[in-house]
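What follows is each chain in one-letter form.
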Amino acid sequence: MIKKVLVANRGEIARRIIATCRDMGIATVAVFSDPDAGAPFVNEADQAVALGGASPTESYLRIDALLDAAARTGADAVHPGYGFLAENAEFARACVDAGLTFIGPTASTIEAMGSKLESKRIMTEAGVPTLPSREIDPSHPDDVLSAGEAIGYPVLVKASAGGGGKGMRIVRDAADLVEAALGAAREAASSFGDATVFLEKYLDEPRHVEIQVFGDTHGNVISLFERECSIQRRHQKIIEECPSPALDTDLRARMSEAAIAAGKAVSYVGAGTVEFLLDASGAFWFLETNTRLQVEHPVTEMVTGLDLVRLQVIVAEGDPLPPDATEAMIHGHAIEARLYAEDPTNSFLPATGTVHSFSITEDVRVDSAVESGSVVSVHYDPMIAKVIAWAPTRHEAARVLASALAGARIHGVTTNRELLVRILREEEFLAGRTDTHYLERHDPATMGGPLTTDVRRHALAAALFAQGERRRHAGPLASVPSGWRNSPSQLQRTTFRVGTKDIEVGYLFGRTGLTAEVDGDPIDDAILVEESPAGVLLRLGGVQEFYSVTHAGDTWFVDGPEGATTLVELPRFPGQDVEEHTGSLVAPMPGKVIRIDVEEGAVVAKGQVLVVVEAMKMEHSVRSPVAGTVTHITIVEGQQVDGGEVMVVVEDRESE
Amino acid sequence: MPAITSRIDPRSDEFAQTRAENLAILAEYEQLMNESRAGGGPKYVDRHRERGKLLVRERMELLLDRDSPFYELSPIAGWGQSYPISGSNVTGIGVISGVECMLTGHDATIRGGASNPISLAKTLRAQDIATANRLPLVNLVESGGADLPTQADIWLPGGKWFRNLTNMSKAGIPTIAIVFGNSTAGGAYVPGMCDYAVMIKDRSMVFLGGRPLVKMATGEDATEEELGGADMHCRVSGVGDYYAIDEYDALRIGREIVAHLNWRKAGYGPVRAPVEPLYDPEDLLGIVQSDLRKPYDMREVLARVVDGSDIDEYKQLYGQSLLTCWAHIHGFPVGVIANQQGVLFSEEAQKATEFIQLCNQYDQPIIFIHNTTGYMVGTEYEQGGIIKDGAKMINAVANSTVPHIAIMAGSSYGAGNYGMSGHAYRPRFIVGWPTYKGAVMGAEQLSGVLSIVARESAESMGREFDEEADAQRSALIHAQITHEESAFYNSGRVRDDGLIDPRDTRTALGILLSAVHSAPVKGTNEWGVFRM
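Going down the list, the sequences are from chains A and B.
Everything in the first sequence is counted per the working numbering, starting at 1 for the first residue and increasing by one.
Everything in the second sequence is counted per the working numbering, starting at 657 for the first residue and increasing by one.
Just chain A, with the same shape it has in the complex:
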């Protein structure tokens, strides 16, 4: 019997595991890095042990520190979650050697299935179709190129130890292959501590469908049906569902059979996922096996009513899979949306900052890493929450989920919320026409834009609310009408920046009510019905809407019935603009300089990559905006840079 579980993970999955353990009467131990010291999962565990450090290699990937934490707290089991050490055989073995129950498959299974090449061999032997692939050594360009030739383009470069899109690159042209392989190896090394990468045949327009399998120590391997995870950006799943709109009973049975065969071939114990690529004809190929709980496991839980973490614990304790698992059926439809702190309108640039407010009030499941006040740092994956809706039908689930996301209060960090909402309401998605290239057909930069059709209303709401705040906190004359003048000569003015656009709001309260304008255009028939610390009730052209308004310093967050807007108030007294050198290259976001490709004095072409910054585990190439000469380099490799910090100055050739 397991009594105390050490959760060797962070964020939402740590909270998820802690919740089930609590339900099962099992004590929990959290481990945390320095930046996570105040994170919700740390407080929710019964005990917590500081690992120190910030980057994963300094914290969550340190096997010795984790075992030490288990020893100090008397934990008798370890749950690795997903990512980090979840599919690390060495860790699984070390746990067992230390007398701990590892909640997951055995080290040898992880080794067999975790190696993509080995797992393919096993699959082929079990009669499961596989895609051609080759392991490569990026330091031998010729071998890399011949492997690419043998498989045939397009090919996919993947980290052997990886998952979650990290270290993955599609290459359609031999010329790009070596650079892609080197980048993938670097990301793989930093994320998983293993630089091994391989090439794989890449299919156009496939669906990503995976089967959840579960095995126990009594020889049972079952299928808990499929999850369709085709909607992806940069090979990162963002919307997952069960059942898949592409599967009928027959195909589901055939894919489940293949997955079970694969599991049985290695006497699989615990939760695993067998990923397939499915084409329009119903043909499917084995992709890889994940020997862990998946990020998207909640959709399976929502349609089966099972708790997959509970099943993991049961089989880890050596008990057989219970009847509710072996007799599971699909009820209704569940869709999960992954909320990422990133900007879909700007190449999915990861966003950081303080989540001033996070709340979703609709009746949906929210597995979140954050709560109001949490900080999203540069150190880890930018996923901040998963939101899962269940309904009897797919259309209903999509509508509920879209509404929950649209109405969510998420203040302080940019997210992909708008993109998710638009996908969930989009015709092709609703018709089930999803494949992994969905977001190539639907531009995320457009779909990720603001949901509200009229940012001007939000700006007016923010200005009027700010006005009310000032009056509430006024010293003398607080009870006198706002902005009262016996000889009014102008409107009260506030300028906001929304994205890159400035919006100027003017307003004046007079005897006849509110006079308002936005960017100089009068807003006719505007009535401020009520203003309170919660927000403003505005009636514009006879239509009354409530806008919730909050702020953190000069940043105002407006949530209305048609979406949310973040507005940054510009200072009343503009300071002197800091002179920026022409062709200054600034860091796109906080991160670490991992490569500088040029030296001072170098002549560079427009668009040439000068610096590579790693942030939130993604590499960002910073390119020269002009053709010219590099005159200053203010950074060194390995240096941490702030967003907006000048890194390189390129003098325009024409300006010389």
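Don't read these hints as lab results, they were simulated from the structure.
Do not rely on the hints blindly, as some may be mistaken.
[As the list claims (entries may be wrong)] In the DSBU-like style, the derived pairs of lysine-lysine whose C-alpha atoms are separated by at most 35 Å in a straight line are: (1) A:K501 x B:K857; (2) B:K826 x A:K501; (3) B:K871 x A:K501.
[To be verified] Covered stretches of chain A, going by a simulated chain B footprint (3 or more residues, C-beta under 8 Å): (4) 476-483; (5) 487-493.
A virtual CB, placed ideally from N, CA and C, is assigned to each residue, including glycine.
Position chain B relative to chain A; hints supplied.
Just chain B, lined up with the frame of chain A:
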């Protein structure tokens, strides 16, 4: 005390007609206000903007706390004279960095902001108010000095401007000058006399004598920057205390200076949470009579001004031509003395005297609401000692030390004006409604009196009285007095602190009472000899 129960009928014809009359007067006033706000007119406003400068009202708006109120003083000063309406400056009370301040600013679109007798009167009045109420004074300076054609009327009295500045400084009332442009000749003493001087790069120009004058006087060739630029004053002469890079920076600095004054108001109010009146101030336009022969019940006015429409009447049944009561306005306690029936009799004068003494006993500011034709005349009243009783009231008013605020609501004639703390009795503020009239007596009475005097004089000398000439003369005098007793005339000569829409009375009093509480609010027990 229960709240006042209003008895007016807003659906009556009389109400509608009164409202229409008042709206017509307010529309006329609004025209004058438009003129006042237009400054030197589009041509000069455009030229000012082309120089990259903010208008004086824009400067003030940026200096004030956002959404806080601003009470402009004497906006139509200059009316009916050869001066531009508003003079050539703006004065008023507003909140800067949480501190109620007196603001004055030259309007450079009017003859370069040069001072004329009207703007001087406004400036001196603003300084008087700032001194009496201990309001920090912020001057937005941009003026070429005296408007030379009017020098005869401003040279000598103008010296008081600088005397006041140093007296204020001595009294510990902060004085701040922000120099936006020229501040030359005598004007150079404004930054020179203020506790704090902010100067703006390439804009401020502060010197006693300009380039041509220096050349004439000493033969020296000097640039204006050398004589009085911000760089010179902030780096060399030390006349400038703060160096601003532009107007916005200067206004930001001005706000910072006030924020760091460590200013604390010395008054004790407000004493309770404000409560809105039960009745709509909008009704006032149907209540307030522009025809002075029609008295109206001041309780109906107070029901739309004071907190919760709640008053505590003192001597309700005695001397009923005068209403005396206690109330709160925006949480500030006040005593109110209001004329009910126009005429002041002995009882009213005695009642007022006692009430003023009581207000002084308990440090309560007094609001005087004028609608009086003066003290009663006639043998009965003379023999009853109306002079002694009027004298008591004037004695009390003159020696009272609690702040007085006069509201010129209707008529304010003769000694009645004195007894009600009129202009000469230095109330802290005089607020006029555009309907008010003030003079020795009404046009009708005055022309009638002169006619009687002339008739009696003719009779005593045995001359035949020329009825036609008398009628002509009476008509002329009537027209003259009608002009001179008007609110516009008085306000145009800075004999009040500006006119307000009656509907704004509560707001105005809230602002002014808060201002008087910047200084200690303290009554007295020292009076002249009351003639009993």
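Hint check:
1. Taking the CA atoms of A:K501 and B:K857, the gap is near 31 Å; set against the 35 Å cutoff, the hint holds.
2. The suggested pairing of B:K826 with A:K501 is violated, with an alpha-carbon distance near 51 Å, which exceeds 35 Å.
3. A C-alpha spacing of about 53 Å is found between B:K871 and A:K501, which places the hinted pair above 35 Å, so the restraint is violated.
4. Residues of the stretch 476-483 of chain A lying with their CB closer than 8 Å to a CB of chain B number 7, which satisfies the three-residue condition for coverage.
5. Coverage of the stretch 487-493 of chain A by chain B holds [criterion: at least 3 residues with CB-CB distance below 8 Å; count 4].
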